[in-house]
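Student: Counting along the sequence shown from 1, when you hit position 229 you're at 277 in the numbering used here, and nothing is skipped either side.
No lab work stands behind these hints: they were computed from the structure.
Bear in mind that the values here come from a model prediction, so they are computed numbers and not experimental data.
Glycine included, every Cβ here is placed at the ideal spot set by N, Cα and C.
Among the clues, some could well be false.
[Claimed, not checked] Now the in silico label distances, taken between C-beta atoms and shown as ranges:
#1 Lys451 x Asn229: 28 to 36 Å
#2 Ala720 x Lys688: 16 to 24 Å
#3 Gly331 x Asn89: 22 to 30 Å
#4 Glu578 x Gly682: 28 to 36 Å
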Amino acid sequence: MKLLAQTFIALLLIAADQSQAELVAHWPLDGNAQDLLGNHNGSESGVIFGAEGATNHTGTAAEFNGSSSTITVPFDSAMNPKSFTLSMWVNADSTSGFASPVTSRDDTPTSVHGYLVYNDSRGNWNFWTGTGGPSGAWNQMSGGKVEIGSWTHIAVSFDDNSQTKKLYVNGSLAGSNSAPNLYSKNGPQSENLHIGSGADSGGAFFFDGLIDDVALWDHTLTSVEIKDLMTNGVPGGPPSITTFEASPPFIDSGQNVTLSWDIQNATSVSISPNVGSVAEKRGSIVVTPAETTTYTITAIGESSPAATSQITVGVDVESLDPIITEFLADNKTGLIAPDGNRSDWIELHNPNPFAIEIGGWHLSDDSTQLEKFTFPSGQISAGGYKIFFADSSLEALNFKLSKTGDYLALSDPNGNLISEFSPAYPAQFDDVSFGLSSSGTLTYLEPTPGVANGSSRREIGPKVKGLTRNPLPPTPGEDLVISANITPRIGAIASSKLFYRVGFGTERQLTMTKGADDQYSTTIPASAYEAGEMVRWYLIATTTSGESTREPPFPDLAESAQYFGTVISDPSISVDQPVMHWFVKNIGAADTRGGTRGSLYFEGQFYDNIFCRIRGQSTANWPKHKYKFDFYRGDHFRWKREAKRVEEINVNSHYRDSYVRENTIFAFLNEAGAMAPETRYLWI
49 MKLLAQTFIA LLLIAADQSQ AELVAHWPLD GNAQDLLGNH NGSESGVIFG
99 AEGATNHTGT AAEFNGSSST ITVPFDSAMN PKSFTLSMWV NADSTSGFAS
149 PVTSRDDTPT SVHGYLVYND SRGNWNFWTG TGGPSGAWNQ MSGGKVEIGS
199 WTHIAVSFDD NSQTKKLYVN GSLAGSNSAP NLYSKNGPQS ENLHIGSGAD
249 SGGAFFFDGL IDDVALWDHT LTSVEIKDLM TNGVPGGPPS ITTFEASPPF
299 IDSGQNVTLS WDIQNATSVS ISPNVGSVAE KRGSIVVTPA ETTTYTITAI
349 GESSPAATSQ ITVGVDVESL DPIITEFLAD NKTGLIAPDG NRSDWIELHN
399 PNPFAIEIGG WHLSDDSTQL EKFTFPSGQI SAGGYKIFFA DSSLEALNFK
449 LSKTGDYLAL SDPNGNLISE FSPAYPAQFD DVSFGLSSSG TLTYLEPTPG
499 VANGSSRREI GPKVKGLTRN PLPPTPGEDL VISANITPRI GAIASSKLFY
549 RVGFGTERQL TMTKGADDQY STTIPASAYE AGEMVRWYLI ATTTSGESTR
599 EPPFPDLAES AQYFGTVISD PSISVDQPVM HWFVKNIGAA DTRGGTRGSL
649 YFEGQFYDNI FCRIRGQSTA NWPKHKYKFD FYRGDHFRWK REAKRVEEIN
699 VNSHYRDSYV RENTIFAFLN EAGAMAPETR YLWI
């Protein structure tokens, strides 16, 4: 990403008693989602760390893809005080819709609570607070333009004593409002805090761009303090060591080594042995160890604890070669690659007590072309593991692993073969890795990317293919037959159970009966449902030792289907337009910005666990609402049979008949062969 300019965003919410105020959490996003204070660590999904940071005092930044990337921080009342300050650096890539760099909200069926920051489709920054009033009763404040490709600093504040909220953009006040009941803190349902996404669940309003140096206080920061954040970074908090490296990591006696480091929140930094005090933030120093030496860097700050890190430099030692310890050729529900997909991956291990350079080494799936892929410059830490994906990122492998078995080899920069799976590794199974077990044997494994492998798997869940999906809607009184092909992989099949659910009622269980050619089936009785109802199902097949396979897999709460399904025909519906069947458990939640999860059935396709919410500003008060539907990766919406599937659709309405003219003109232009939006009318 090209960084055109620098700006800073801080979100400010205020505390009543500044004498008791303190930094609650600080997420620098320097390679992970950890809180420097150690109390509110986050867990990331689809986030890429290591991007260039906002300034020279914020370390590195985290990249969010705008569709699935998020960091989730578990709810804690300490992160939701009556008054508080939240600050961050943000660099947006898009203003195509509402996107949230930080959200801590609780939108109950009857009231709204919490706070959030948005960049909206008009290109403005927004600060919203839940008022505690009815669902949808958000107090909205906007100010300051979103500069695409530029770093921006925003500060928003709420002072419980004065009942005042403020929004700062680039250190300047962009909005202020004082009135009773502007803010009610998150808490009734204890919803998590989300970095890089919004909604209560974190499954919507995904931010597209970079985020850096997020921090939260339980008091008000003044405009002077906000500007100081921009200049000097987040004060307080214990020190952290982002990097401590040696280059080269091993040498011959008499050669030099450069030690380099990047540290945050330190007042003093020292390296031992034989070095002493060094620069407090970033720096490097040349050393000439006479023998293999382990260097320790210690950073001391205003807050405890001190931070330490070690690195070993090998002298006159022979480096052991890296090895392929594990790979996964059919990633269905596991590790997410930097591009947001679940891609094949290969793990390399450094068996040395010092880091090794991996740049110039090669991987290949072709025995006649050992240098098919060359690693870029980089190191694997002492005793460490590194994952390489076959995805679309810049450092990705240029080949994919075959599930049916293939050649795989690692060779050094001189083209010498170091290790290989020859003539081919065995056939692979979805979500089962292959590599060296803890006992050193080649075997199937439970995937453990980035850490040491465990013992071999004695059994693997059965293979499930062709589970009934999108059947023709049965008529009332007609049974629904569900079938699947289930075959053993490693381990005999002990049971196959179908779980089904009518509407949002209780799940019920049926046993699948085996027929010819490994075909299993069961029947959902017609007595279980009525006309117009939704019926959903999933299957679990289990081996004798308890290894199981679920279909659909449901690996991601926000980005995958929990069930397959259909609707029961309703003879009472007789209209000329296409009919969209829409099911939500909480109807009121669908009429809020926070939205909810639901299911759709449209023209023979069933979509489960999709996100839906109301659209519009003033139009949200119309009798017939507008809605937005988001579909997850891998099952986008087929809005017209001959058209490309889409990730998002908007269902619009018109306040008066005259507004239909626009759609009429679009239809005319389409018929004339001109470029224009295409509209379909439907019943919901």
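Student: Now look at each hint and say whether the structure bears it out.
Tutor: Each hint, compared with the structure:
1. Lys451 x Asn229: 28 to 36 Å: violated, 58 Å
2. Ala720 x Lys688: 16 to 24 Å: The hinted range 16 to 24 Å holds for Ala720 and Lys688, with Cβ atoms some 19 Å apart.
3. Gly331 x Asn89: 22 to 30 Å: holds, 28 Å
4. Glu578 x Gly682: 28 to 36 Å: holds, 32 Å
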